[in-house]
Amino acid sequence: GAVVSQHPSWVICKSGTSVKIECRSLDFQATTMFWYRQFPKQSLMLMATSNEGSKATYEQGVEKDKFLINHASLTLSTLTVTSAHPEDSSFYICSALGLVQETQYFGPGTRLLVL
Amino acid sequence: GESVGLHLPTLSVQEGDNSIINCAYSNSASDYFIWYKQESGKGPQFIIDIRSNMDKRQGQRVTVLLNKTVKHLSLQIAATQPGDSAVYFCAENSLPPNSNSGYALNFGKGTSLLVTP
Chain A
1 GAVVSQHPSW
11 VICKSGTSVK
21 IECRSLDFQA
31 TTMFWYRQFP
41 KQSLMLMATS
51 NEGSKATYEQ
61 GVEKDKFLIN
71 HASLTLSTLT
81 VTSAHPEDSS
91 FYICSALGLV
101 QETQYFGPGT
111 RLLVL
Chain B
1001 GESVGLHLPT
1011 LSVQEGDNSI
1021 INCAYSNSAS
1031 DYFIWYKQES
1041 GKGPQFIIDI
1051 RSNMDKRQGQ
1061 RVTVLLNKTV
1071 KHLSLQIAAT
1081 QPGDSAVYFC
1091 AENSLPPNSN
1101 SGYALNFGKG
1111 TSLLVTP
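As given, the protein sequences belong to chains A and B, one line each in that order.
Just so we're aligned: 41 in my numbering is position 41 of the first sequence, and the numbers increase by one with no gaps anywhere.
Here my numbering = 1-based position in the second sequence + 1000.
This is chain A alone, in the form it adopts within the complex (with noise of 0.2 Å):
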């Protein structure tokens, strides 16, 4: 139990371009998920947490209206790098909150580079 997944697992894009990354819990339902940024050999840094059916809240230095994260289910939420950039270029790892209100489960990741 407690299955989280990510598509696409790797993207290459063009500087400008907008990606999508998907971020689904299989068999439970989330009302809460968690989207992280993780840089080569660095820890995981939280971007912003998504809430089904409210807008996400951004940690302080993450840009809105650059990262847009839609939750629109209880198993689906969507980040979107918006005309992604080469600094854009990263690992981001979505989580969701299971049963256990404080136990993240996190998805396998998707290496984006931007070119």
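Some clues are possibly wrong.
Unchecked claim - No more than 20 Å apart at the CA atoms, straight line, and that leaves these computed lysine to aspartate or glutamate pairs for EDC-like:
{"hint": "1", "chain 1": "B", "residue 1": "LYS1071", "chain 2": "B", "residue 2": "GLU1039"}
{"hint": "2", "chain 1": "A", "residue 1": "LYS41", "chain 2": "B", "residue 2": "GLU1039"}
{"hint": "3", "chain 1": "A", "residue 1": "LYS41", "chain 2": "B", "residue 2": "ASP1049"}
{"hint": "4", "chain 1": "B", "residue 1": "LYS1042", "chain 2": "A", "residue 2": "ASP88"}
{"hint": "5", "chain 1": "B", "residue 1": "LYS1109", "chain 2": "A", "residue 2": "GLU59"}
{"hint": "6", "chain 1": "B", "residue 1": "LYS1042", "chain 2": "A", "residue 2": "GLU22"}
{"hint": "7", "chain 1": "A", "residue 1": "LYS41", "chain 2": "A", "residue 2": "GLU87"}
As the list claims (entries may be wrong) - Counterexamples of contact, computed for chain A against chain B with all Cβ distances above 12 Å:
{"hint": "8", "residue": "LEU68"}
{"hint": "9", "residue": "ASN70"}
{"hint": "10", "residue": "PHE91"}
Hints were generated in silico from the structure; no laboratory data involved.
Cβ coordinates follow ideal geometry from the N, Cα and C atoms, glycine included.
Since the structure of chain A is already known, use the hints to place chain B on it.
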């Protein structure tokens, strides 16, 4: 500021030995701690958790110890196997200074565990 950190960035152990990965935290209000394992190119995988009203919890081949007096957390892996090679993160549930996320996790920097045959 509040932080979660790890004592050692890398740990090399021989297959079959026991591994101990340490973590220090500074937020005295932290009441929930989790250890995650992250293999290269993958998302973190839940290993074990512990609440602040406990000082020890055991899982399959893993034990987490919590010392609230010195704000120290450790993960012990018994009979370490090559498949245990990964980066291990401790995380605590508290509000980072600028966060509005009630259940957000504050991650430590990670310890890379290398198991040699």
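Structure-based check of all given hints:
1. B/LYS1071 <-> B/GLU1039: 27 Å, violated
2. A/LYS41 <-> B/GLU1039: Given that 20 Å is the threshold and the Cα spacing comes to 12 Å, the pair holds.
3. A/LYS41 <-> B/ASP1049: 23 Å, violated
4. B/LYS1042 <-> A/ASP88: 19 Å, holds
5. B/LYS1109 <-> A/GLU59: Holds, at about 19 Å.
6. B/LYS1042 <-> A/GLU22: The given pair, whose Cα atoms are some 16 Å apart, holds under the 20 Å limit.
7. A/LYS41 <-> A/GLU87: 16 Å, holds
8. LEU68: 18 Å, holds
9. ASN70: It holds; A/ASN70 is separated from chain B by about 17 Å at its closest Cβ, greater than 12 Å.
10. PHE91: With a cut-off of 12 Å, A/PHE91 comes too close to chain B, as the shortest Cβ separation is near 8 Å.
When each numbered hint is compared with the structure, violations occur for hints 1, 3, 10.
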